[in-house]
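Asks: Listed here are the chains, written in short residue letters.
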Amino acid sequence: MQDLVVPLNHVLFVSTLLFTIGMLGLMIRRNIIFILMSLEVMLNASALAFIAAGAHWGQPDGQVIFLLILSVAAAEVAVGLGLVLQIQKRFNSLDMDDANRMRG
Amino acid sequence: MVIVTLIIILLIGGIIALLSEKLSEEAPRVTALLSILVSLIYLMLQIIKPDYITVITQSSLSDPASWLMHLKLEWIPAFGISIEFALDGLSLLMVALTLILGAVAVSASWTDIKKHQGFFEANVLWTLAGVIGVFTALDLFLFFLFWEVMLIPMYFIIAIWGHENRSYAAMKFFIFTQASGLLMLVSSIALAVIYKEVNGQYSFSYFDLINLPKGYLTEYLLMSGFFVAFVVKLPGFPFHTWLPDAHTQAPTAGSVILAGILLKTGAYGLIRFAVPLFPSAANDFAPMAMALGVFGIIYGAMTAFAQTDFKRLVAYSSVSHMGFILLGVYAWNELALQGVVIQMIAHGFSSAALFMIAGSLQERLHTRDMREMSGLWKFMPKMGASAMFFIIASLGLPGFGNFIGEVLILLGLYQVSSWMAVAASLGLITGAIYSLILMQKSFYGEPNAHRGETTMLHDFRKREMLTMYTMMGALVLLGIYPQPIMDVAQTTLIGLIDAVQLGLVK
Amino acid sequence: MKVIDFYSLAPILGLSVTIIVVMIQASIKRNHKLAWWISFLGVTATLWSTHLATSYPQQVTPLFLINPSGLWFSSLITVGALVTLILSTDDENTGFKVTEEYYLLLLLSTLGAVVLILASHMASLLLGMELLGISLYAMIAFPEKDPNPLEGAIKYLVLSAAASAMLLFGFALIYAATGDLSYTGIGAKLSSAGIKNPLLVVAGTSMLLASIGFKLSLAPFHMWTPDVYQGAPTPVTNFLATVSKGAMLVALSRFTIDGQLHQYPTFMLCLSVLAIISMLVGNWLALRQQQIKRLLAYSSIAHFGYLLVALVALRQLQESDEIFYSSLEAINFYLTAYIITSLAAFTVIANIGGENDPDMRSFAGLFWRKPVQASTLTVAMLSFAGIPLTAGFLGKFYLITLALNTNLWLLLITLVFGSAIAIYYYLRVIYTMLITSSSDNNYEVPLISSPMWRDALAIILMISVILLGTWPQPFIDFMRHL
Amino acid sequence: MQDFVWLIPLMPLISAIFLMVFSSKLPPTTVGFFGTGSVGMSALLTCNLTWGYLKDPDLFTVSLWTWMKVGELSANVGFHIDGLTIVMMMIITCVGFLIHLFSCEFMEHDKSYARYFAYLNMFVSAMLILVMSDNLLLLYLGWEGVGVCSYLLVGFWYQHSSNGRAARKAFIVTRIGDTAMMLGLLILFTELGTLDIQSLVSSAQVRWQTGDFMPTLACLLLLAGAAGKSAQFPLHTWLPDAMAGPTPVSALIHAATMVTAGVYLIARMHSLFIISPHAMMVIAVMGVGTALMAAFSALVQTDIKRILAYSTISQIGYMFLALGVGAWTAAVFHLMTHAFFKALLFLGSGAIIHCLHHEHDIFKMGGLWKRMPITFASFLIGSSALAALPFTSGFFSKDLILLSAYQLEEFGPILWAGGLLGALVTALYSFRLVFVVFFGRIQTLPNKENGWRIGLPLTILCVLSLVGGYFTLPLSNLFPMETNSHPATWVEVVSIATPLFGLLVAYILFIKIPSRIPKSLTSPQENTISRFLFSGWKLDEFYDRLLVSPYVRSTSILLDEPLDKLYNTIVLVNQKLHKWLSFSQSGRMRWYMVSVAIGFIILLGIAIAIPRGLSEW
Amino acid sequence: MLELTLFYIASTVALFATVLAMTRTNAIHALIYLIVSLLAIAVIFFLIGAPFAAALEIVIYAGAIMVLFVFVIMMLNLGEKGDARERQLLQPHVWLGPAILSLVLLVELLYLISTVEGPASSGSVSPKSVGLALFGPYVIAVELASMLLLSGLVGSYHLGRRYLDRGL
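Chains A, B, C, D and E supply the protein sequences, listed in that same order.
The opening residue of the first sequence carries number 145 in the numbering used here; numbering runs sequentially from there.
The opening residue of the second sequence carries number 13 in the numbering used here; numbering runs sequentially from there.
The opening residue of the third sequence carries number 2 in the numbering used here; numbering runs sequentially from there.
The opening residue of the fourth sequence carries number 43 in the numbering used here; numbering runs sequentially from there.
The opening residue of the fifth sequence carries number 24 in the numbering used here; numbering runs sequentially from there.
Careful, some of the hints might be misleading.
Claimed, not checked - Subject to a maximum C-alpha distance of 20 Å in a straight line, what follows is the list of computed PhoX-like cross-link-like pairs (lysine-lysine):
| no. | chain 1 | residue 1 | chain 2 | residue 2 |
| --- | --- | --- | --- | --- |
| 1 | A | Lys233 | C | Lys146 |
| 2 | D | Lys97 | D | Lys111 |
| 3 | D | Lys607 | B | Lys474 |
| 4 | D | Lys153 | B | Lys394 |
| 5 | D | Lys153 | B | Lys390 |
| 6 | D | Lys67 | B | Lys394 |
Said to hold, decoys possible - Chain C is nowhere near these chain B residues, computed Cβ spacing over 10 Å in every case:
| no. | residue |
| --- | --- |
| 7 | Ile21 |
| 8 | Lys34 |
| 9 | Leu45 |
| 10 | His128 |
| 11 | Val428 |
Everything labelled a hint here was simulated from the structure, so no lab data went into it.
The beta carbon of each residue, even a glycine, is placed where N, CA and C say it ideally should be.
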């Protein structure tokens, strides 16, 4: 039975891959919606890692943290999407490369 | 307590001057002059007691209580920092010089400053307070504090009331001194840390640190920190480049204070700290330092010769003169050190006077460019004669203080290194060259064609002449009867020399 | 939970209650003056409540460890919030329309900062950080007319959320390796040899450092700082610079110490590298910056670089070591000095209302127009630059002493070099204020007449900076009792 | 009397200060009264002192106060009075008084009358200090003091920049010598531990053997100082230019007193020089060389004062010759007679210039003897003495020098021959001067006759120039006995005849056949040799190329402060870094994220690359 | 065995869906892929013994948060207009540099993680124990999470209200 159980490092590999994809998305995407999605991917990857770690130790803490991550993600998305609305209105574009008034 | 009172008088005087601006235009100047004079009189009353000379001769490095004044109050015991002021002969001379030249500076700025007089006089007084602190603080932390704090009002003086390029000059002045000061701070803290390793607690007291044993490399490194700070302030070659700009751009009073007093803090620091705290490193470093001194003398003199700006020329002459001081300090014998002391005082007066003249010229001609001057003697004989007097004094003519300084330095130096003395004596020649060209370009020669007889060039007035006479008198007195000054400084210098000897033996 | 726990959690509870009261008030009748007063009283009460805790160090649930230094920083942070609150009074100097939501967000954010400081567990750390951050995003974007706040807010939100994700991932890895989520638990596990996957911890701490480095705007995670500082309304910038960063640094140091990370050379090496890069990059970036808030942003990069020196000094020290305590003392002192100085600087900038000038023109000749404000800003700049008689100097003094004591030569050299070039830009600000009207007439801009209390606030902060710089011994004694 | 010795230098000094401070407010008569009177008082006091000394030849030292006392250095402000001092003081005060008197009239119409007298008084005071001081430091004070006064007076008419130039040159060239002298003092002090002349000399004799290196070095350095001040080769180039000053100044400073300070110095330090035969030899050769060189230059000059200047250089060369051969008394003797007749000549030329609208070119003069009889007489007497015609004062002194030179072993005759050639040329140029100026056609009419204040000094100096040779100087117990065994008669005869021969040649050339005067003697630009001589052996040009131009060029490089380039580079590097980094703040979020990723990679990279952390848990 | 197979399938789905989501130009399409990815991750949660988390993942993440996205996308009426521009942005020169960076990052992380041993789960953690933990030691965290949501609420209210005020 033991060898049939999902190895921890494999789960972590998956979450790492997800995390990196999210980060890559942040680096290449210009549309703010996609950027926020990338953030969700990254948060989700961390959540996966936490769940895996919690499961590894057989503790509920991982899931508790997952719950907190959920609320964090929700709050962040709420504010983020609020900002998206503003941005669309102010800049008439969701392309973040256009938002570079401040520099230097 | 006397020193603290002095500093407080000046600080409060500054505040009063600042506030009195609203009363009348005159009020700040009068306040400033009065507070300086009050401090001076106070100092004299406290010091000149029948036995002061004997007290001075008893002050010994091992026992601060034997000094003329000594005050030690706990300040930041966590770091062994205390408010420690002490006054011995050397400090006394420097403090007196500061106050006298301070009065001169205020007098020099009497009509010069057209705006924000109150703040100006306040800054002058605060600078003086800072300088007095530097000359009397014997806690390294406190010393550094005054060292930095005196920069700020000076920065204001240059940056607010300076001439066309003041921003650059003020910045350069501040960054040079501050950056080098940081090195000194690191060095002094390192000393305290070493002290702690030996004795279990921090101490910044000069008396604790003077005989601190330390590794040779450490000693050398720490000494360079102090050395750079002081040489920048002195200023010695190759750290002098802030000086011409600062001098040139500063208002008259600023130049007077800079040249007369602030530069001396560098020399004082070398004598008081840079050598005695690190005897063997200083001993090994002396040839380098002397070479820098010689370079400074020649370089300053040659560069001065090429200048077309009156103040810049005088500024470079200071560089040259300070080269002598550097030489004298690192010759480190009684002759040379006495020479340094006299040279410091004499240079204070002569350069201050020359800057006053430069300032008066600028006030009247609205230029410092000597190509626009020429033949001014015709219009302003009194100013011309004063200029002549101080130029001659500063080129080291016997009978004036500067000569005594230079000759003693050379005498002392020759005993240490004859070649250095030979090289340094070239400065006597180059000094004559730039000094005389200064006279020639400004006061001698054909009066400028476009400056008709009708030009409004009033000569020195009574107040200005009075200041001039004071400084002339001081220089002559210093030149023909320097002995009282040397008596005052003697014990300190011998004590320091002995301390270094002791350190070398160890 | 026992009663005594409530006393210990008084700051958190105080803020929470205030938040609720403001919420209720806003829902009954909107009145931002009233909301301001409630917030003011609430924050003041919180400040007072920090001394209610009676016995410490005290663990309140696994999430919080109440200890004296935490309470001290809580109160300091609360002071920062208080100043922000005062600066956010709705008048023409503030520059944007303040509503009840703003106070609510400010209180929530402060709550987040306090939670962050007192946290002793990853959950509370996460919550504190996010509470602080999410409220801040909205606060930054609060002004309605300007596009700059919006741009700043979205940049901060995205990058900061990415950093949070990084932090979480790092924690997950550490958790995977140790099986514990509280600082002390992690520390205990780390110092015992029985870690199964040490490399996980390495990865985890590095991610953690990257994330916190981002929040502290350490180079090379610093890029957001100037844009956000500039974009945010000045009171919010003030809050960000003092409360947010201060709390974050306290959290970092608490985690480092409780988690025994200072025993761990790789972590310390990473910290040193960040410190060095930050000191250099921050100062270089600030060198010729013309926009005052960007300038302060860059300078803050350098300052947190300096602060890390004290943290690095902890390396391989046992808690019994004397230097260990002086290192903590240095962090406390420098951070306190930095926060107070920053408060002073931003107060003046907010009071003058010229924060959006591209070239500091509102500050030209300030000395002659508003001497009190100008003096305060001058003192603040000198304190930043580390000139004696100011708090900043003693902070630097602490750091240099520490670096000498612990032989951190490279850091020391960088620190000295950084301080030396930093003088240039601080002096430039001072010089701008000294410009006299006659020479540069085009610099004259009409000034908003500010009420007396703005001057009073500036004076109080200036005096604090100077007092801390001239008479530090009582404060040092106080810190030693922490 | 001894107690009041200090009054002698003080009187002119007080007067100088008084005149300086109140210069603008005093009427000219008062100025003249104070200026001249103070020197007159000094002269009277000096006479009194001399009288006492002659009665009772007793050395004494007056210490006024301790100037400085540092370590082993102890210098007093003190005066040492002996025969040499007395002689010098007499010359300074008496000749000085006469010249002051002369100046009263000569400078009457100058706007800066008071300044002039102030300077002149100051000079007298400094010169007195120079000769009276009992230690080398105080002597140096006087030494530099006279230099400065010379500078001030040469550049007295400051409006013309050429005067300023001449003054600077005078000061700087002498300053070079002074610096060498200062080095000499350093050596003496370091080696002997004192600068007090008497004790220095005695300890030198104890410490050093004849021919040691150190004394030679010290002597040579002192000599360099003396050469600078006394305008000896190679430092003599300043003196002809120094004629830019008012003529009485040239008479007082650049003929009678200051330029002989070098002679005084060496005479004063003779005991030291005796230790070093090499230095003595250098002095002698230098003296002869300078004497000849300057004499030849004088031959082709056209400016009356430049002729006299070169003649001064030449005559001091003779004094140096005398010093070099150990004829101390002869040197001092010639110093005195030279002071008389050269002052006379200068004052005479001043009188001429005064009356001839400031004309200096002798070829624009001529036939003046009828118009200005007193001046003519004085010139005649002065030139005779200068040429050392028999029974004038110059004759005795110069004869003594030549004979002493002849008696020197080894090189004596060569030196003597050189001196003799010089004497010939001297006679030639001095009478060329007389003949060209006073005979021949009148070219410029004098505009006035001079008053008594010019006439009186001239007369007195005439008398002195004539009878000065009969004075006996109170120097006998000061200098070591000189062997005055008479040399062969022919030597004496030749020595006497040479000047007469010169006179004859001059007569033939300038009176008898003036039309056939060699062109080279009238217009110096005629040929290469005369151009060479006229320009003072091209030394000025040489120095210019060797020293002055390189110096000026190198200073112009320094004008812009090359060191600042270094600091500017540091600043520039920082600014560049600022620029690059600022550029990286592009405002684009994606790029910011990239930077975060890079940082992340760096941190992880460190963690991977430094695994030693693992073992140190 | 089944667990393992399911895990790999779910992982592959999650990764592919995520990659697809990241590379879409149409926001709605991307969102759908993202939801697929989230569902796959929920499966993984379930597999490693966190059924409660799996449920929450589906309910809250996929069900609530993603729907929020959909709302906003609809509100902004993005449609097809931005697509052309978006497609240009996916040129190699845009993504190559970041991709290399990510790759390096990935390699570093994988290297550090690869040493991990042990199973991902030691038995299932029941919702009950999670609940006990939540209202035991984490009770303050729950309260604070409410504060967090409050701040999200207030913030989005303030920002969104402004949009609605002017926009409609």
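Asks: Confirm or reject each hint.
Replies: Going through the hints against the structure:
1. A/Lys233 <-> C/Lys146: holds, 11 Å
2. D/Lys97 <-> D/Lys111: violated, 36 Å
3. D/Lys607 <-> B/Lys474: violated, 44 Å
4. D/Lys153 <-> B/Lys394: It holds: about 14 Å lies between the C-alpha atoms, which stays within 20 Å.
5. D/Lys153 <-> B/Lys390: holds, 10 Å
6. D/Lys67 <-> B/Lys394: Distance ~12 Å between lysine 67 of chain D and lysine 394 of chain B Cα, so the pair holds.
7. Ile21: Holds, because the least Cβ-Cβ distance between isoleucine 21 of chain B and chain C comes to about 19 Å, which exceeds 10 Å.
8. Lys34: holds, 12 Å
9. Leu45: About 24 Å separates leucine 45 of chain B from the closest Cβ of chain C, which puts it past 10 Å; holds.
10. His128: violated, 7 Å
11. Val428: holds, 33 Å
Hints 2, 3 and 10 from the list above are not met by this structure, while the remaining hints are.
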